[in-house]
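Just so you know, the sequences run in chain order S and P. Numbering (the working numbering) for the first sequence: 37 to 147. Numbering (the working numbering) for the second sequence: 60 to 440.
No lab work stands behind these hints: they were computed from the structure. Watch out, some of these pointers could steer you wrong.
Pulled a few chain S residues facing chain P out of the computed Cβ check, cut under 10 Å [what the hints assert, rightly or not]:
#1 Val104
#2 Ala113
#3 Leu114
#4 Phe124
Residues of chain S clear of chain P, computed beta-carbon distances all greater than 10 Å [stated by the list, open to error]:
#5 Glu60
#6 Val74
#7 Ser78
#8 Leu79
#9 Leu80
#10 Asp84
#11 Thr86
#12 Asn128
#13 Cys131
#14 Ile134
#15 Arg135
#16 Gln138
A virtual CB, placed ideally from N, CA and C, is assigned to each residue, including glycine.
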Amino acid sequence: LSARGQLIHRTSDPAQRKEKEVAEVETVINDYISRELVRDPSLLPLADGTSLLETGILDSLSLLRLVVYLEERFGVALSDTDLLPENFSSVNAICGYIRVRQPGKQAAAHG
Amino acid sequence: VDFSLSAEQRKLTEAAAGFARGKLNEDLAKREAAGEFPWDAWRACADFGIQGLPVPVELGGAGSDVLTTALVMEALGYGCRDNGLLFSLNAQMWSVELPLVIFGTPEQQRAYLPGLVSGKVIGGHAMTEPSSGSDALHMRSRAERRGDSYVLNGAKQYITNAPVADLLLVYAAVADRPGLAGLSTFLVDVSTPGVVVSGGFEKMGLRTSPMGEVALSGCRVPAASRLGPEGAGMAVFNSSMEWERSCLFASAAGAMRRQLEECVAYPRSREQFGQPIGNFQAVAGKLADMYVRLEAARLLIYRVAWLKQQGRSAPAEAAAAKLFTSEAWVRTSQDAIQTHGAWGYLKDAGIERDLRDAIASTIYSGTSEIQRVVLGRMLGL
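Put together the whole structure using the sequences plus the hints.
As C-alpha cells, then:
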C-alpha cells in the first residue's frame, strides 16, 4: 500500500473528498515537522503558514530529512532543482508542492 | 539484487584500469614531490572520456549511468596511483559538471560543458570560506544585483583546482534575501575582472591536486551566469555534495583493491623464520580486515549509486558511503605500510603516499565529523 493510499480516505462526495484530502496532507506534514523537526517547543503548535526558514525549523540538514520523508510518505521523487526555499517555506508551501508532484497529479495538472 | 557486471561494464572497467596503469602514473614520484598538476594526464583522461562520463550524450558526454560511472572511477583508482589527479577529476565531475547538468540553462550547458568534457576547461567549486564550510548559513560572500548583472564580493579558501581552473562555481548570498533563501550560485570565469586566485598551499597529500584561495572584489558577472534561480544555492550545494559523497569514493575503493592485492603478494614472498610472513596469523588478519573493508565500501557505494540512478534522494546513504570508505581507506593505508614493514615506510616504495592521500578523504566533501552529524540528524537525533 502506498503512502498516498494510506493518506487519502475516500468519500462519495468529490467536493468533500477534495476538502478532506487537502486537510489530511496538511495534517500529515504538519504533524511530521512538529514531531521530528521542531526543536523549540515555543514554536508549537505549528501554524501551516509559519515560515520554516525564518524560524530556523528547517536548515540544510533538516531539509534533507524532510525530503526523504516526503518521498517515502507520498511516493514522489523530488528533483534536486525543486529543493528551493519557496517550495519549503511553510507547511502550506510544501503541501502545494507535493500535490503537484504526486503521481497522477502532474498529468492532471497538465491536462 | 543482481551484483553481476554487464559485459559492457566489465569491458569498460578493464579498459579504464589498463589506461590508468599505462598512462597516468608516469613520473608520479617527481610530480608529487614538486606538487605539480598533471596536465598531460588530465588531457589523456578527457581523451579517454573520463570527464564526460556523467554528462548526457546530447551535452557532449558519454551519458553513462551512475553505477557504471562509479565502476569506471573505481577502476581508475585501481590503476592510477596519482590520487591527487583522481581527486581533481572527481571534484570537477561531481561538483561542477553535475550542477551544470542538473541546474544549468541550455545556454550555460553549451557554454561550459563541452570544454569541461574535452579537458580544455577546468572547473572548481568555490563554497568554503575562512569563516564557514559546511555551515553555509554563515557565508559572508555577497552578491548584489545591479541591473542585468551581479557584483560579487567575498573570499573563498581551500578551493580544489582553483589555481588551474578556468571556471568557478561561486556561492554567495544575495544581499536582500536573508538566510537560506538568499544563497545563490554563480558561474564565474576566472578571467573576470575582480577575481584573484592564489594558490600554492603546501599539502600533506593529494599534492598533484592544486588548492587555492579566491578573492572576489567588485567582480561583476552577468545575471545570466546565475546557476538556478536566486535562493537555489542550498539546492545546488546539497545536490553536488550528495553526488560527490555518493560517487567520489569509488576511486578510493579502487585504491583499496590495489593496496590489498599488493599486500597479498608481499607476505607470500617475504620470508621470516623460514616461512612466508603471510603464514603468521597477525599478518593474515590484517589482510582479511582489508578485504572486509573493501567489500563493505563497495557495497555502500554501489547501493548509493543505484539509488541515485533511480532518482531517489540518498543523503544518509551518501554520508554513510563517504564516512565508511574514507575511514576504511585510512586504515587500509596504515595496514599496507605495516604489512610491508620498513620498506612500506620508505618514500621510494610509494606505499606511504596512499596514507597521506587517504587522510584527506576524511576531511574533504564534509569531514567525518560532519557525516556523523548528518547521519545523526537523518536518524532523528
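How the hints compare with the structure:
no. : hint   : result
1   : Val104 : holds (5 Å)
2   : Ala113 : holds (5 Å)
3   : Leu114 : holds (6 Å)
4   : Phe124 : holds (9 Å)
5   : Glu60  : holds (23 Å)
6   : Val74  : holds (13 Å)
7   : Ser78  : holds (19 Å)
8   : Leu79  : holds (16 Å)
9   : Leu80  : holds (17 Å)
10  : Asp84  : holds (19 Å)
11  : Thr86  : holds (15 Å)
12  : Asn128 : holds (16 Å)
13  : Cys131 : holds (19 Å)
14  : Ile134 : holds (14 Å)
15  : Arg135 : holds (19 Å)
16  : Gln138 : holds (15 Å)
The structure meets every hint from the earlier list without exception.
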